[in-house]
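Each chain, written out:
Number of protein chains: 6
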Amino acid sequence: MKVAVFRKAHFNAAHRLHVEGWSDEQNREEFGKCNNPHYHGHNYAMDIKVVGEVDPITGYVIDMKYLKDIIKEKVEDKLDHKNLNIEVPEFKTVNPSCENICILIHTILQEALGKKYEVTVRLYETPRNYCEYPAS
Amino acid sequence: MKVAVFRKAHFNAAHRLHVEGWSDEQNREEFGKCNNPHYHGHNYAMDIKVVGEVDPITGYVIDMKYLKDIIKEKVEDKLDHKNLNIEVPEFKTVNPSCENICILIHTILQEALGKKYEVTVRLYETPRNYCEYPAS
Amino acid sequence: MKVAVFRKAHFNAAHRLHVEGWSDEQNREEFGKCNNPHYHGHNYAMDIKVVGEVDPITGYVIDMKYLKDIIKEKVEDKLDHKNLNIEVPEFKTVNPSCENICILIHTILQEALGKKYEVTVRLYETPRNYCEYPAS
Amino acid sequence: MKVAVFRKAHFNAAHRLHVEGWSDEQNREEFGKCNNPHYHGHNYAMDIKVVGEVDPITGYVIDMKYLKDIIKEKVEDKLDHKNLNIEVPEFKTVNPSCENICILIHTILQEALGKKYEVTVRLYETPRNYCEYPAS
Amino acid sequence: MKVAVFRKAHFNAAHRLHVEGWSDEQNREEFGKCNNPHYHGHNYAMDIKVVGEVDPITGYVIDMKYLKDIIKEKVEDKLDHKNLNIEVPEFKTVNPSCENICILIHTILQEALGKKYEVTVRLYETPRNYCEYPAS
Amino acid sequence: MKVAVFRKAHFNAAHRLHVEGWSDEQNREEFGKCNNPHYHGHNYAMDIKVVGEVDPITGYVIDMKYLKDIIKEKVEDKLDHKNLNIEVPEFKTVNPSCENICILIHTILQEALGKKYEVTVRLYETPRNYCEYPAS
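Residue numbers (our numbering), protein chains in the order written: chain Z, 115 to 250; chain Y, 115 to 250; chain W, 115 to 250; chain D, 115 to 250; chain S, 115 to 250; chain F, 115 to 250.
Keep in mind that the hints were calculated from the coordinates and are not lab data. Treat each hint with caution, since some may be false.
The list treats identical chains as interchangeable, and a pair is accepted whether it falls inside one copy or across any two copies.
Unchecked claim - Below, simulated DSS-like cross-link-like pairs (lysine-lysine); rule was C-alpha separation at most 27 Å, straight line: (1) K147 - K229; (2) K147 - K188; (3) K230 - K206; (4) K122 - K192; (5) K230 - K179; (6) K192 - K229; (7) K122 - K188; (8) K147 - K116.
Next comes chain Z alone, as it looks inside the complex (with noise of 0.2 Å):
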């Protein structure tokens, strides 16, 4: 009997969007004022989805608050209060924009949790702006 439960979790980043190869010109018409070179920055937002079974005894997919732990040390402590392009290595190449994020964080929480369980990621950019891998 498959459940999914949900932990909400957040960041603040500065980013910008940018590709490494592209002029300054080319960059600016693409991403407009996202391209700013001094940053700017989000209050990034998270609803971390995992699917499994209920365990017939707890009736727990997952106890809450490991899973709560294991995005704060795996994704809150990488990225909050971090300038992505900069201090975040996986952005160094490749443009950080939210659907870069959201594969990114997904990447490592479904390692995290093992395939035992089925993640899916969320990610806020602004509350108006948000994105979520993998689609369903």
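On the provided structure of chain Z, position chains Y, W, D, S and F as indicated by the hints.
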């Protein structure tokens, strides 16, 4: 690598629920106070979901500025501050229920964005009543 | 020992902004699309604030069930699913702006609750535009 | 043409997490402060999703007033202002975890609405922890 | 130059409304289902407001990390996952109404922060019912 | 007859907390991870409150379209997608704490709207930390 991106938008409109060809009594019985001939109204809110491939260079599924502008031009300009029954041709003979408005918005945006993208529309009639098309 | 208690409530209504005695052109200029003669509508949300002494035995300023019922009977039943311009006598000659609706709700509830309580009404026309009377 | 409609509802209840047949120590270790023998409580919030065909005449999947009444009668009246462990027979021997409460609500509403509709229940134990059944 | 800073926090607790010295019947009549002898519960949410002078060098009214820790230590650790009637001494003889819990939290935090700051507590019993002390 | 009207608005920016003239160590000790030299960022949200007399004919305190445009032109265009420390002259020597940004926005809007109106600014740095100036 498919990712879903979402954009929130909104419009305010008047409507009444009413089936052409039914008697006034039958309409009142079915739709209650929502059948008020003088209309009532809502702050409709939309979550527009667009699923597509992430561009390997930009990290975008779609330019959110472009998506925002399409929603503004095709949906908000058509529905905002309007009387849905009187001023929106599609609802001359179709009841502007939450479901039917949702289907209309989906038709408009799916056509505007093309087959490269899969669109889903969630439409909030109130913060407590909402619908989604296509249903997952 | 004075405490403020708050109750949220809501109603859905149609309205248009329009000054009797002004020309159509003057009305359009002042109120723009809010002047649409076919009406538009909103999900109005209210935060009703009531300040009073805490009863030393019950620990209540006012029975929240009683407050909820008063709001239902005096405000929701009068305004919900209505056309404010046509069906609410107070707006026959007064423009149903957010400010004027807020003042009306305050008058109704302050009278219903009596001088023992100080009422303040916050009225959301949309989640982004709202008003409060009396102003603090 | 299948559309999903959603209705939000809520109830407030006390509970504790506890497995009958485990020692007090084992229960404390597994469930921490959620095992408090004097109980704690939550404002549970539900998003009830109902998928079905849109009626071609009314434009309804289901009458939302009917859905609201069913949720009130079958779920809220059973769970609101109750102690889940003591007063809800289903949790005499089953741990009232978010997952198990969600499955119970699903069973009740799917049976009440019948096979014509596909029900999904999202249950918020807190605004940060929630679950969904069946998992998509 | 006085500025108000606010910090949100929360705790989950069980309680019942009950006046010692009243008959069971009188209690049931006054408090309805909130008088349930088996308790019910809430996700209480707080907005803690602290008014003070802005430090001309740091630009802080108060270190928000310090405020967060004080709220955690003095309020959350005392009330979270507790039965307010049984486990919080202040409510042995005082009814744990929203108003009385709000006043208690104010007393605790005003004393912890000292006269340099003016504390106001807004306490949400549910997202629809809340109170504030002192009342403005 | 004075009424308060409110308009929500928002901007996204990068910043760091840092006092010129303090050693790096002193800055790190006071501001912790908020002192990160590579910056972090936020989705700042504002509630702009304007108190004034209700116009007896229009029922407006102020035209909300005009207020929205003033906020856009004077505040959003100045702060949105900017690095507050580097690109906003007022923060060259003043620490861009939530309090100081709030005071700056108040100064700008009070001057733009004139003495006829009393402006109050609430600024959310995150959904959990916010401030208000002037303090009531």
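Evaluation of the provided hints:
{"no.": "1", "hint": "K147 - K229", "verdict": "neither (40 Å within a copy, 29 Å between copies)"}
{"no.": "2", "hint": "K147 - K188", "verdict": "between (30 Å within a copy, 17 Å between copies)"}
{"no.": "3", "hint": "K230 - K206", "verdict": "neither (32 Å within a copy, 29 Å between copies)"}
{"no.": "4", "hint": "K122 - K192", "verdict": "both (17 Å within a copy, 24 Å between copies)"}
{"no.": "5", "hint": "K230 - K179", "verdict": "within (18 Å within a copy, 37 Å between copies)"}
{"no.": "6", "hint": "K192 - K229", "verdict": "within (23 Å within a copy, 37 Å between copies)"}
{"no.": "7", "hint": "K122 - K188", "verdict": "both (15 Å within a copy, 25 Å between copies)"}
{"no.": "8", "hint": "K147 - K116", "verdict": "between (44 Å within a copy, 26 Å between copies)"}
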